[in-house]
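Peer 1: Residue numbers (this note's numbering): 155 to 256.
It is worth saying that the hints were derived from the structure and are not from the lab.
Yeah, the Cβ is synthetic: ideal placement off N, Cα and C, and Gly gets one too.
Please note that the accuracy of each hint is not assured.
[Stated by the list, open to error] Here are the computed distance ranges between Cβ atoms for each label pair: (1) L203 - G163: 37 to 43 Å; (2) A219 - T244: 22 to 28 Å; (3) R245 - E191: 22 to 28 Å; (4) R180 - T235: 23 to 29 Å; (5) A200 - A165: 35 to 41 Å.
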Amino acid sequence: MQVHYEWQGEALHIYDHPWGFAPEPRVILPDDHGRYEIHDVWFPIAPPLATALGCRHQAARAILAGDAPPRATPEMLTYLTAFPKTGPRTRHNLEKLLARTH
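Use the sequences and the hints to build the structure in full.
Peer 2: In structure tokens form, the structure reads like this:
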């Protein structure tokens, strides 16, 4: 999938059609605080699984809810890499990336 980002004034245009083209971009505008909310379509999951995931990643969710950039803490790294298809180098790469933000 090709993803292309383009700024037009304060608007962020995201072209991310799964087949490599997008007739219309997703347009993301800043909220009242100047933040841009970019999210993908989420697949619905069963309520018990959603509850379990919420409990398991509660610390990371609290960090993400704040205004500070996330740090390379064990909670954040677990949250970002807790997926079955995550490659073995992903955690290491994310740790380096998050460490550079501070």
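Peer 1: What are the numbers of the hints that this structure violates, sorted from low to high?
Peer 2: Of the numbered hints, all hold.
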